[in-house]
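Asks: Taken in order, these protein sequences are the chains called U and S. All residue numbers for the first sequence refer to the working numbering, where the first residue is -4 and numbers rise by one. All residue numbers for the second sequence refer to the working numbering, where the first residue is 617 and numbers rise by one.
Note that these hints are calculated values from the structure, not bench results. No false leads were slipped in.
Label-pair restraints from in silico Cβ distances:
| id | chain 1 | residue 1 | chain 2 | residue 2 | range |
| --- | --- | --- | --- | --- | --- |
| 1 | S | Ser916 | U | Ile96 | 39 to 45 Å |
| 2 | S | Ser916 | U | Ile73 | 24 to 30 Å |
| 3 | U | Ile73 | S | Ala759 | 39 to 45 Å |
Just so you know, even glycine gets a beta-carbon here, dropped at the ideal spot from N, CA and C.
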Amino acid sequence: MSAIGLVEFNVWLDAGFVTLYAVVLIGLSGHFMGNILTGRTKRRFMQWQWPEHEGPEIPTLQKFLHVQHVVSMIVLAITGLYIRFPFFDGGRTTMRYLHYIAMVIVTVNLIWRLWYAFASRTRDFREFAITRRDITTAPQVVLYYIFVKKSKPHLGKYNVMQKGTYIVFVPLLVLQAFTGFALLTYGIPFTNLSPRDILVGWWLGVLLGSTDLAGWYARTAHYIINWLFIILTTVHVYLSVTEDFPAFLNFFGMSFLHREHADSGEGHSQGEEAGGHEPAPVLPHAD
Amino acid sequence: MPLLAAGIAALLWAPGIAVAQSATQPGASSAAPYVSPSTASAVTTATYDLSFTLPTAGKSGCMVCHGDPNLVRIVNGRTVSMFISTAVLNNSAHANVQCTGCHLDFAYSVPHANAASNAWRDVAKSACKNCHKEAFTAYSKGAHSPAPTSAGTQRTTTTSGVKRKPLCGDCHGSHDIQKLKGNPAGQEALHSRGKEICGNCHLDFWDNYDDYYHGRAYKRGAPDAPACWQCHAAHDILPSTDRRSSVNQVNLVETCGQCHTNQPNEAYTSYSVLIHKRSEQVAANPLAAFWQQAISIIRSWFS
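With the rest of the complex left out, here is chain U (with noise of 0.2 Å):
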């Protein structure tokens, strides 16, 4: 890509991803209009009829982390925005260290969050992992968010679209990191380098024949990805409080909201009726 080609590009991009975040809210307005249509916001909200979870309780360690996560993302995203469209007065500085700060928890939590995934006790990287099972049903599931079927297969924790946005997620946010990082020009104490020197100077500025041009390559793809965890962190919003709407509360530690509602009589159901899980289909495993 030219050099004049990158000027457009932005330029392309903010308008672009303005355009397909406004898909996105027409989109799940739309479907939230299924769902009522259907009677599934009905039986959901005011029936009160949800899909029932086994095995243990969350930890809270993981809710905390999730919580933590979920303020620091949303940090990144007004500061990194602000930091390229500035919408108020005198906030520049304050907005960069705010992202810096949020950036350092979020590759913390995602450090950790590999650990917890592959190297710990609890090592649950394989309820992410997508099987053969999974690609088979992934249909149904796509029927059943599209209101053409009315429940969709339940092999696991996650479903197949879950389990392949979670995934997407990391590489997304190494690279996210890595990118943000190639940002900052600070020298590295006791060196003549700094970050972006490190990361991308030493091969893409040869490339490119400078340093700096690296680095606007770097925000680029920096900001192109932070477009992608707002579209995709929107649609996980969405789905979370329409389609498990306890779940959501138990994670931001408010599931007595849940148990008020199922203690008062109204449903607490899973099935075809609350839009909810069937039995998976016997398939051989994939592992």
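Based on these hints, arrange chain S on the given structure of chain U.
Replies: Frame of chain U; chain S shown alone:
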């Protein structure tokens, strides 16, 4: 004393048109035609004998009159304050400079013989050259040079219309000029004045200074976003079409390299297209143009 001071000073600025707003001299009514309608209680100095010489060894002589907050002058029907704050003056970079160090054409006598015209302003605004020789030399080589053009005029055509070329004081201000060396507050104050210093004449360039990380951030008060002169140069500013200009294509690498010190190259400096022409880039993009139009329509619903 304030009454006397105001009365004396008022006359310094051209007999008959200056007034002291707070004065209560009984003879005020005799000067009514010269008093601003908005200052009904004001009096002129017509009843005073002002043919004397003021002290010459310091600012105190001038401040006898100009230290009075009520000292005003009527110019074209407008009331113009001629008050000079001692506090502001003493806090400025020129606290130790005598008034006549800049106001070269003012004798310490009353009335000020040259106050009738505005030439004294130009003298004061250009007096900087007597001390700041290097800056004046650079300024004389730049597009703002006070030397008359080949047409014999000191006026020049900017994108905002025909303007008189600025003198030192037009950009730097007057009595409140702050020291810059070793004075972060002064540097910050200067940095924040891009609109007043450059934008008032080059309004379109001020308006279209709206790229992501320079213009928009500068207008929102970002301390590390560049003010106009950090790219365009200050005293020796030249049109961008001039190959000697800091913002001419051939010098961009060096100019951008003042801040972007990691090997900026020509491909990198092509970002400069966005700095003053982002709106053109946006207008050329159909999707962005659509959103701009949509937003302006939505705004019009609420305005």
